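Chains as they are written, first to last, in this note's numbering: chain A, 1 to 307; chain B, 1 to 307; chain C, 1 to 307; chain D, 1 to 307; chain E, 1 to 307.
In short, the hints are calculated from the structure, not lab data. Please note: incorrect hints may appear among the correct ones.
Identical chains blur together in the list; that is why a pair holds if it fits in one copy or across any two.
[Claimed, not checked] Cut-off 20 Å, straight-line C-alpha distance, at most; resulting in silico cross-link-like pairs (SDA-like, lysine to any residue): (1) Lys113 to Lys147; (2) Lys160 to Ile8; (3) Lys124 to Ala161; (4) Lys3 to Val72.
Please read these numbers as outputs of a predicted model, since none were measured by experiment.
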Amino acid sequence: MSKRTKEILSWYAGDSPGCLTNLARMLNHGTLRGTGKMVILPVDQGFEHGPGRSFAMNPPAYSPHYHFELAVESGCNAYAAPLGFLEAGAADFAGEVPLILKLNNHDVLADEKDPYQAVTGSAKDALRLGCVGVGYTIYPGSTHRLKMYQTLSEISAEAKALGLAVIVWSYPRGSSLTKEAETAIDVTAYAAHIAAQLGAHIVKVKLPTAHLAQDAARKVYEKSGVPVANLADRVRHVVQSTFDGRRIVIFSGGAREEDKVVFDEVRAIRDGGGFGSIIGRNSFQRPRAESLEFLKTIMNLYAGKLK
Amino acid sequence: MSKRTKEILSWYAGDSPGCLTNLARMLNHGTLRGTGKMVILPVDQGFEHGPGRSFAMNPPAYSPHYHFELAVESGCNAYAAPLGFLEAGAADFAGEVPLILKLNNHDVLADEKDPYQAVTGSAKDALRLGCVGVGYTIYPGSTHRLKMYQTLSEISAEAKALGLAVIVWSYPRGSSLTKEAETAIDVTAYAAHIAAQLGAHIVKVKLPTAHLAQDAARKVYEKSGVPVANLADRVRHVVQSTFDGRRIVIFSGGAREEDKVVFDEVRAIRDGGGFGSIIGRNSFQRPRAESLEFLKTIMNLYAGKLK
Amino acid sequence: MSKRTKEILSWYAGDSPGCLTNLARMLNHGTLRGTGKMVILPVDQGFEHGPGRSFAMNPPAYSPHYHFELAVESGCNAYAAPLGFLEAGAADFAGEVPLILKLNNHDVLADEKDPYQAVTGSAKDALRLGCVGVGYTIYPGSTHRLKMYQTLSEISAEAKALGLAVIVWSYPRGSSLTKEAETAIDVTAYAAHIAAQLGAHIVKVKLPTAHLAQDAARKVYEKSGVPVANLADRVRHVVQSTFDGRRIVIFSGGAREEDKVVFDEVRAIRDGGGFGSIIGRNSFQRPRAESLEFLKTIMNLYAGKLK
Amino acid sequence: MSKRTKEILSWYAGDSPGCLTNLARMLNHGTLRGTGKMVILPVDQGFEHGPGRSFAMNPPAYSPHYHFELAVESGCNAYAAPLGFLEAGAADFAGEVPLILKLNNHDVLADEKDPYQAVTGSAKDALRLGCVGVGYTIYPGSTHRLKMYQTLSEISAEAKALGLAVIVWSYPRGSSLTKEAETAIDVTAYAAHIAAQLGAHIVKVKLPTAHLAQDAARKVYEKSGVPVANLADRVRHVVQSTFDGRRIVIFSGGAREEDKVVFDEVRAIRDGGGFGSIIGRNSFQRPRAESLEFLKTIMNLYAGKLK
Amino acid sequence: MSKRTKEILSWYAGDSPGCLTNLARMLNHGTLRGTGKMVILPVDQGFEHGPGRSFAMNPPAYSPHYHFELAVESGCNAYAAPLGFLEAGAADFAGEVPLILKLNNHDVLADEKDPYQAVTGSAKDALRLGCVGVGYTIYPGSTHRLKMYQTLSEISAEAKALGLAVIVWSYPRGSSLTKEAETAIDVTAYAAHIAAQLGAHIVKVKLPTAHLAQDAARKVYEKSGVPVANLADRVRHVVQSTFDGRRIVIFSGGAREEDKVVFDEVRAIRDGGGFGSIIGRNSFQRPRAESLEFLKTIMNLYAGKLK
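Just chain A, with the same shape it has in the complex (with noise of 0.2 Å):
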């Protein structure tokens, strides 16, 4: 066990050996062994966009089997997916990859304003299909928001009795919020503290931009001067917004990029003292061959091998 590893692993000391056991098992797991970063792939967006959206692109994508390889094959810390993509794989490629169950889901089938999700599993599935953790979405910013809180609270108080590790997305949403609103600073600091409080183990957001949202936070932000102007240093007060970097929080990349910008964003991560990224979309669009190289490189960018 690396000393960074036994040092994380210490941020968490009121949890028990179990939780403590399955947050190690992700950070000894794949290329990133070690290191303290991580790089998890996701793959919830068949649920999310519907399949010819995800997939269709790249049509090997299609069968769950795929993804377990891919996160396999590129040396993922954890593969993340919901009940069924893990029912349809995890006997297959058991002890193989560390999984994440996903609880809970929404589609686009139906558009509202203030978006919830269905919880889709649980941690008794997790269990089952030997998961080392679960998964869970918030919005904050939905009026939906505390009913999913409350939710969340339940679901994690028997995920961490049951020794699991609880990772959760928190994705700043709703009719309160502006679509510019929703990558601000100041909102996805919120977020992540948010899904902290809630007893997050692993804290999930999106980049954020340098846009302030909320008046009453700007004021304090341009009082303070804290630093929001180029990524990195947005990354570092997210990671000081999650309990001072004693929770770990990873981002995710969001749609279809240049990989050069994902490159760059990765940097940004890793220079702002970020725990590593969750990257789906990127990851599985794109012919197999390709992925793994593209993912080698930003697992060379987090080992520090690139700069």
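Fit chains B, C, D and E to the given chain A structure using the hints.
Structure of chains B, C, D and E alone, referenced to chain A:
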């Protein structure tokens, strides 16, 4: 055990020895132990207002350990926080300061006329974390208040059966109250009374103004000549309204203010027979050394060492 | 045990000996013991109307102990209050007066056309506090009434399984009733009947006026010549409507009134075959000595010592 | 929190913050607070041996309050007793001394070759009474021992889930052990080890003699040259046998003895690295003033203030 | 994932992915990862035989941390121990070696002709401690065996529902078996088969002798010409008897022996198609450096690096 502590505990003769013990743990801890006065450090502002707005002016306060240390070093009677903040320090600071798990929370990422809070923990969590009690907020005046009262009753029944103390934050708020009414003396007294009727061992309200918001109440107050002109009188009326002083009532300060203002408020609380303060932002939104000095002055005021 | 008490208990032969015992404890306690008449002291006005409005005219009444003492000294058959007030005195006055835990409550900090109440305690709480029974309010006429009936049924089933008496406050109120309708004789009789059908051992309603609010009812009342012109007749009709007198029905007074008015009402209740009064504000909103005198007169009226 | 207390708590990193907090409450209470040493007052002799035999030589000790007072005044780290004794004083002395509810008991009204104990309380009772932990006796050597181990495991799991400390009295006894074997060094070390393997946070055994009772053990002890000639060495071996000193082991005195003998035993416990004493009969079977002096000497020995 | 690991997992297709994952975690860990062979370190001798007898010849082994370190450094596939030993290190060594919680235990402080074990933990404890599986001992031949089978079935059902691996120690013993019969080839094969029939994922038995203990069996063995003359043949017969090799069977060594003897046994296990060894006393009852060398040799033998 001081005579005063014994006297206070005698008011709770209907409660189990477990509840009495946890009340005693708070009354007997820290600088004010044995005086019957309390200063509690609450840190839920990261959740309630956002991390930047709460901590940017004193960046060490981003760390969950900072607040444990502040509560211990300043000699506060207890430290209250949401699940995440307590999980991130309860093992490291086990036994150093009585802890209160704040069981419901909300944020300001959506704006509701009638506020509500998510339940984010349980009495069992409080025991797991070594807490002496649980905290719960109600919003008398919100259209959701009856649901909040009912949930509090359920949580409180469980907490009491497990020997925990129950601390209720009672904040009038909602579409049927004007901004002015939220802190009106009649409404504040009413809010404190409701919390006590719901079984709170300790009631926390905001310092009231001399405003009388409810017509039916105003008539009685004026006819009966209830003195509400100065703050100490208003504190006295709130204490009286909370079972004639047979329940512990403490007062919160609100946003960062001039120290002189806070000290004068503390004098009024003390002179009006209030039991103490719950002081968050005024404590941790300044450098640590200054905080300790600030809290020391407040405790000296309560202890009667300063006039 | 008086013959009259035996007779009353005989109406509840379908209930468990535990329920009978608790009914007998009330019927056999205090000044009116054995007469089959009851005077109950209810003190939930602090919750319902606010503490200042309820107690400022007689400040000793802010204390929870005051009401225990008043109930004991005046020789009331029982004392009914919310959780907090009972918890604050049940140990100190254990065994001195039968207690009823009022299990639901609301406040006037928000204004609803269709009122509802929060459940604020449980049958288990009642046992823990040594109560003989539980009290529950329903609002026939509110859009929430069916939910209230259902909750009462559940609570009542639990209470009866534990041998507790069930007392139902039945107050017609809500958007579909005019102010006048709330106390109309047809509506009052209907409300009492519903409470009895829901399994109440003791039903509490307001004294009805001669108004007939419901068209369909009015036709029948007029055709059948139901006498409703004077109060004793109306009381008789309510008693008749509550299982032909085979359930205990008691009447409440409402706001502070001239003593003479109250005494005349008591005479009407007595002469109409009612079982007694539940008298809150008229009791405790005056100096203690005066209260005791006032209640003594009422009990003398019920006992037939005064005409 | 002293460095030594922190060090001791670090051995229990697998436990919840709640368990750590309750261990800290004992380690930080009384005369020996912060030293890592403990003196616990246990009073179950009334149950175990009969009241006359236990208290007739010091009649004030018939009162349950006497023992609370003795524990408080002498500055013991904790007071342990069966349900009845704690129920008779826990409210009166709430918060004055950490309490341990002894969860099983037996008497001498029947004589068994293979002793067993009745479970006489629960972890929930301990919480209701404000205890920091639960106590449980096992009799390694009794034919009932496996059943006792199993029951302890169940009770311990519940207690730990509720954040309570678990203290195990491990007393070798039963038809397969001679009287001499009951306190043999090999058997005592074995008994302490079993208690620790069953999950005890604190283990209590009797001071061992130099006797080696089990043939298979004697051979190893002699071959390995385990020093058992003097008492301090034997204490050291017991501590070593209890997870190499990573679990708190305390020693009991047994029947009233000459003070000099007890003091010498305390010196041996201290010098052998033992964590303290649990002293019942030697404490309360003498006049209070003498007891206090006696316990003061013991605590001074542990604190190193006396040689 | 090696082809051999995949092949082994394919035998457990009826199990959940969670169970497969935990089997894979053992098969893929340590020096022998991927070979399909296992060496497990079990340390329950302190409980089973007493601490002095177990650890006095290598005093560092009194510490629970010693065994975690030994298992990690030697590259064992897993470490198995009772609750106390795991609780004392599971947080400190989280994620460093697969853990097996031994769920039942007994001691030698009483001598029974028909042995039994106490259940000393649960599947939930195993999850809390981050274990991959639970261990349970049965004593075929004891009059208590049917009760042990039944308890195992219940525990196993719970463990499997939670995704844990089930490892069964099957030790023929009891009043109906002679000492010689306990390790007879027919009895050992029978014991292994029973464990597999009870649902064990991994079966552990002692190395069998050529003795045939049961008349009815002897006749068939002789008639069918089952080869049992040399140890490798006997291992092959046990493996065959355990579902024709479709369940993992490992063998235990017993008391400290000459290294050469152990190595020859390992060769026989390997050559007979056994899956590995569970080696306690031979590992930890010698200096650490010597242990590591000893275990390295064994692993080299299993890996085919040594003949």
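Tested hints:
{"no.": "1", "hint": "Lys113 to Lys147", "in the structure": "both (16 Å within a copy, 17 Å between copies)"}
{"no.": "2", "hint": "Lys160 to Ile8", "in the structure": "within (18 Å within a copy, 25 Å between copies)"}
{"no.": "3", "hint": "Lys124 to Ala161", "in the structure": "both (11 Å within a copy, 8 Å between copies)"}
{"no.": "4", "hint": "Lys3 to Val72", "in the structure": "between (24 Å within a copy, 15 Å between copies)"}
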